[in-house]
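Peer 1: Here is how the chains run, residue by residue.
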Amino acid sequence: MIELKGIIKTYRMGATEVRALNGIDLAVEDGEFIAVTGASGSGKSTLMNIIGCLDLADEGEYRLGGRLIGDYSERELAEIRNREIGFVFQQFNLLPRLSAYENVELPLIYQGLSLPERKRRVRNALERVGLFDRMSHRPSELSGGQQQRVAIARALSTYPSLILADEPTGNLDSKSGKEIMNILLELNADGKGIVLITHDSAIAAAAKRRIHMTDGKIDSDSAGGGS
Amino acid sequence: MKFTQSLKMAFIALRGNKMRSFLTMLGIIIGVLAVTVLISVVQGATGVITGQIESLGSNLLQVRFTGAEPTYLTKSDLKALEQEPYIKGVTGVISKNADVKAGDKSGSYGIEGVTSIYQSITGQVLERGRFICDVDDEIHNHAAVVGANVATDLFGTKDCLGNKLNINGYDFTVVGLLEASQTMLANKDDTIIIPLTTSQRLFADKEFSSLYISASSPADVDAAQTATDDFLTREIGANDDYDKYRIINQNAILDVMNQVMGVMEILLSGIAAISLLVGGIGIMNIMLVSVTERTREIGIRKAIGAQKSDILSQFLIEAVVLSVAGGAIGIALSFLALQVIGAAMGIGMTVSAGTVALALGFSAFVGVVFGIYPANKAAKLNPIEALRYE
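From first to last, the protein sequence lines are chains A and B.
Anchor point for the first sequence: position 119 equals 119 in my numbering, and the numbering is continuous, going up by one each time.
Anchor point for the second sequence: position 337 equals 1337 in my numbering, and the numbering is continuous, going up by one each time.
Mixed in with the good hints, there may be bad ones.
As the list claims (entries may be wrong) - Below, in silico cross-link-like pairs of lysine-lysine (DSS-like), each with a Cα-Cα straight-line distance of 25 angstroms or less:
| # | chain 1 | residue 1 | chain 2 | residue 2 |
| --- | --- | --- | --- | --- |
| 1 | B | K1088 | B | K1075 |
| 2 | B | K1096 | B | K1164 |
| 3 | B | K1096 | B | K1206 |
| 4 | B | K1008 | A | K119 |
| 5 | A | K119 | B | K1075 |
| 6 | B | K1018 | B | K1244 |
In short, the hints are calculated from the structure, not lab data.
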């Protein structure tokens, strides 16, 4: 469960300060599928960085599963990213020299799991996204949609409670994009919480709950509370 | 992340840039190759020269008379010297060069007039026949013991016992043949040895050119040298600035040699350290480039949960793998190089285990020292900025 209270984040761009998040209050239940939309520069990526424990807020409280993240050390943040959050990026962000198998295995190695356990989980995750027969291919030998499925498998392999997807269909054709959305919907049906960041309202329509951001603030929330 | 995983990652990364990895290693390869070859050559040469000096007899002293004035030491003087403490045996030698003929062959050879104990004091070994004996000396016998080269040059064969040769117009009979010398310093291969009294008559000169003195034991060589010096000062006067004689002590030669070789090794180690330093800077340079190129990869790794220490060890291990692999290749090449050099110089040379350990240890050290800064730079990258890096 995600709880954000009065989150403020300011970036310095040279001499000017940019307030990327200006007082965000948000509560997301376990297993919710929530889409965050907004124009570029509205602060949705910054919000994802904070929810994903890649960055800390300047002010306000962020609780993940009841724990106050603001006090966590770099080491603890890395551990949360590793165990509890799965990232899916617009750019896929696979390591080009590693095979699909090795890419999916990477977070499990950082977790320190044994070889047989890693093997079991990697195979399961790749099977789940339908790429079991492509596990020894490198990213360059896979289509964009397949690469994004590998990235989803990588996010799944650690059994996270939350998947953060930042424009996961942004670099894909509409057919592949639909496949990715279907996978995300299936995962949500299995109980995984999903936060989807997109500027595409058609994609956002798939989510049960939609949030719209403008200038670092939430200006509408389909769950109510917004206008 | 476990060490084996880091190692695997390092190999994947290095394999992806084969040419660059090789060129980076080249600095270390050349450094280690130069070091191991130079040190091994010095060690090999030291071993050979030390062996030659030691084969002279480690308890041997030689007195060379250098004065213009004759010293007129007699046999009874030598007997008196022999009575001095720490001295076991003394033999006087008359050395001259002379033209020698045998049949239609001739040449200029060193002639040494000696007594029978010369053989045991200087450790000469006979291949055939006998050495000069006391009777030869008493009757001024025209008997000669020839060196290996003399036999082959003058007679064309080592089967030369009983052959005649002519020194300064006097005929001599060959009674013995020395074994070919393994040393350069007590080399008698081009020498003809005759009885002392015969040589005194032959050259009309009674003065000893030099003395060979054996000490009671190798440990007593220095004491024997002092005793000899005192004795000669009493007999023939003060030896200021070595104007009358020079005492050559095998141990002193060995000490000087070892000092020279020690300095050589320090110098070579210095060159080694510099070349490895240059190699290390090459590694640091390429690792910094690599960290910049792989900023995005570092961001991805951090996003999916890599700890700072994971990134640090990954890049550090990469640097150490580069440097140690370079070191190993350098050592392998130096084995080949030493085979060639050893064959060319006629000296058996190998890389000692100590040199291998030193070279590998130093390469690893270089990898760590020059890898730590780039690795730390990678580990400290901010994941968000790294992910945004194009």
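Peer 1: The structure should be examined with respect to each hint, and the outcome stated for every one.
Peer 2: Do the hints match the structure? See the list:
1. K1088(B) x K1075(B): OK: K1088(B) and K1075(B) at ~15 angstroms, within 25 angstroms.
2. K1096(B) x K1164(B): 20 angstroms, holds
3. K1096(B) x K1206(B): 12 angstroms, holds
4. K1008(B) x K119(A): Cα-Cα ~16 angstroms, so holds.
5. K119(A) x K1075(B): Violated, because 94 angstroms separates the two Cα atoms, which is more than 25 angstroms.
6. K1018(B) x K1244(B): Distance ~70 angstroms between K1018(B) and K1244(B) Cα, so the pair is violated.
Violated hints, listed in ascending order, are 5, 6; each of the other numbered hints is respected by the structure.
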